[in-house]
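Engineer: From first to last, the protein sequence lines are chains A and B. Positions 1 to 282 (our numbering) are the ones given, in order, by the first sequence. Positions 1 to 266 (our numbering) are the ones given, in order, by the second sequence.
There's no promise every hint is true.
[Claimed, not checked] Interface residues of chain B toward chain A, partial, derived using beta-carbon atoms under 7 Å: (1) Lys-179; (2) Ala-183; (3) Pro-206.
[As the list claims (entries may be wrong)] Non-contacting residues of chain B with respect to chain A, defined by C-beta distances greater than 10 Å in every case (computed): (4) Asp-41; (5) Phe-98; (6) Met-220.
[What the hints assert, rightly or not] Below, a sample of chain A positions facing chain B; criterion: calculated Cβ distance under 7 Å: (7) Asn-54; (8) Leu-56; (9) Arg-82; (10) Leu-87; (11) Tyr-94; (12) Gln-95; (13) Phe-97; (14) Tyr-107; (15) Gly-108; (16) Asn-111; (17) Leu-112.
Because the hints were derived from the structure by calculation, they are not lab data. Using N, Cα and C, we set each Cβ at its ideal position, and we do this for glycine too.
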Amino acid sequence: MSIEVKNLSYIYNEGFPGESLALDDVSFAALDGELVGIIGHTGSGKSTLLQQLNGLLRPKSGTIIVGDTNITDSKTSMLSVRRTIGLVFQYPEYQLFEETVAKDVAYGPGNLGLEQEEIDARVREAIEMVGLDYDEVKNKSPFELSGGQKRRVAIAGVIAMKPQVLILDEPTAGLNPKAHDDILQMVETIHQKEGNIVILVSHNMDDIAAMADRVLVMDHGKLIMNGSPQEVFARREELASIGLAVPAATEILGRLKDAGLNVEADCLTLDEAADRIAAALK
Amino acid sequence: MIRDITLGQYYPGSSWIHRLDPRTKIIATLVFIVAIFVVPDFIGFAISFVVLALIIGISKVPLKFILRGLKPVFFIILLTFILNMFMIPGETLVKLGFLTITRQGLHTAVFMGLRLIFLILGASMLTLTTKPINLTDGIESLLSPFKKVGLPAHDLAMMMTIALRFIPTLLEETDKIMKAQQARGADFETGNILRRAMALIPILVPLFISAFRIAQDLAMAMESRCYGGNMARTRMNAMKMGSNDIMGFVLMALYLGITIAERIFM
Ligand SMILES: Nc1ncnc2c1ncn2[C@@H]1O[C@H](COP(=O)(O)OP(=O)(O)OP(=O)(O)O)[C@@H](O)[C@H]1O
Ligand SMILES: [Mg+2]
Chain A
1 MSIEVKNLSY IYNEGFPGES LALDDVSFAA LDGELVGIIG HTGSGKSTLL
51 QQLNGLLRPK SGTIIVGDTN ITDSKTSMLS VRRTIGLVFQ YPEYQLFEET
101 VAKDVAYGPG NLGLEQEEID ARVREAIEMV GLDYDEVKNK SPFELSGGQK
151 RRVAIAGVIA MKPQVLILDE PTAGLNPKAH DDILQMVETI HQKEGNIVIL
201 VSHNMDDIAA MADRVLVMDH GKLIMNGSPQ EVFARREELA SIGLAVPAAT
251 EILGRLKDAG LNVEADCLTL DEAADRIAAA LK
Chain B
1 MIRDITLGQY YPGSSWIHRL DPRTKIIATL VFIVAIFVVP DFIGFAISFV
51 VLALIIGISK VPLKFILRGL KPVFFIILLT FILNMFMIPG ETLVKLGFLT
101 ITRQGLHTAV FMGLRLIFLI LGASMLTLTT KPINLTDGIE SLLSPFKKVG
151 LPAHDLAMMM TIALRFIPTL LEETDKIMKA QQARGADFET GNILRRAMAL
201 IPILVPLFIS AFRIAQDLAM AMESRCYGGN MARTRMNAMK MGSNDIMGFV
251 LMALYLGITI AERIFM
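With the sequences and hints as input, model every part of the structure.
Structural biologist: Below you can see the structure in the form of structure tokens.
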């Protein structure tokens, strides 16, 4: 399974006041098993791009090919697209509606028309995969859970559909540091276990640097960088000019280099940075 | 999709109509509504059509934008039309099985259909050319004489402002929730009526929860800033009637006069 996006453009409210070009000729590919990070300033078109990938918005022009189906073709069944591609929205907890957690997680698999037994098995698996205790939460109302727990249940609702591509739009927005780490840990675990493509939008550069195999940078609807985290974050000044930071380690080394220390700045973790500084000071 | 609903939306502009005092426009809308009910025949509709066309033309709001707002009420109009056409007894024109279309039925159907369309278009011209905040200021000002008999004009206006302010927010929320459920494989378009109604539950429950949350947040925010209704507030932008408004009133009187005359004498 791979994703290929070609010359994708999208305009909101075309021909009406408030018209805005939200995607401008975006092309990229995501390979099997890759974890792709997307970064960009607020309003740069990240969420719009994700909704295209799942067929919720239809592009003005361009194509998206997932595996060997062209999902921008109007003949493609949307249900099969949603079976293949799971999208977890920003603040997904507002989508919860059922009386119990188990029923809510079962909503997606139910829509796929699976057997009851299969649904039950998937619900249990998904709830456990997001780090909740199935027997403890299954009969609780989703509305009596904490914010972080609600978020997990909402993510479980998508994971239970076993998508081959899992897309998460800022899954850690508004969570406390502990819940933040837990959710990302959970994404890593799912990624490793399912071997699926994961596309992750985040405003936290350290998270992207630590997790992503490939980083896409969006600015004003355009895809302006596409490469490994090392390659992308090495362009510190360019990123700064569009209002984006780099991981803390890269920033420190970059500044030391600017101040005359003889180090290369293309590293992503603090441990690595410490080693390089130590080596440079020897 | 759901965002396409333009009913009650403001279309920014600076036309002659946009610049009129909101009170003038509110009164003009009321006059227009009265006139539409007074209109006795199709000649009357022709006159009102010219008036409406002029208003739309001067306002420079694109027709496409206005008609897009009509889409959601299209079914109501169609339903009224069909019911009128088949339900009214009289001289038979066409017979379709057990259904008959009568001459009177057809006449009433077209007449009522036109009346509904004119009412909706007229009312939407008010909201299209007036910012919600000015609209409610205008309503408050027009209602303030009734304060003496205990009508809480300010509170009513405030409630209206808030309701108008949150229509787009709730539409946005609905759009977001629909997309989230669609991403989970929800299907709102196929199946029989019962199935489709059931498919709405996953949208309505989260929507109500959001609406209550928004209301609570807003109430809290207002209270924490010591909002109180009737504290002899003054306005940052006081409304003032000008020569344009006088002209507006003259034109209104002319239109209403012609319509009434048409009813009496023709
Ligand atoms: N439903 C909509 N109608 C009209 N314009 C929209 C809509 N949704 C987004 N936009 C516009 O499209 C552009 C891209 O928005 P998008 O939500 O994709 O940004 P984003 O990168 O996800 O931002 P954030 O980081 O804040 O989530 C913005 O300029 C926004 O104003
Ligand atoms: Mg976004």
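Engineer: Hints first: check each against the structure and report whether it holds.
Structural biologist: Hint-by-hint comparison with the structure:
no.: 1; hint: Lys-179; result: holds (5 Å)
no.: 2; hint: Ala-183; result: holds (4 Å)
no.: 3; hint: Pro-206; result: holds (5 Å)
no.: 4; hint: Asp-41; result: holds (37 Å)
no.: 5; hint: Phe-98; result: holds (40 Å)
no.: 6; hint: Met-220; result: holds (18 Å)
no.: 7; hint: Asn-54; result: holds (6 Å)
no.: 8; hint: Leu-56; result: holds (5 Å)
no.: 9; hint: Arg-82; result: holds (5 Å)
no.: 10; hint: Leu-87; result: holds (4 Å)
no.: 11; hint: Tyr-94; result: holds (5 Å)
no.: 12; hint: Gln-95; result: holds (4 Å)
no.: 13; hint: Phe-97; result: holds (4 Å)
no.: 14; hint: Tyr-107; result: holds (6 Å)
no.: 15; hint: Gly-108; result: holds (4 Å)
no.: 16; hint: Asn-111; result: holds (3 Å)
no.: 17; hint: Leu-112; result: holds (6 Å)
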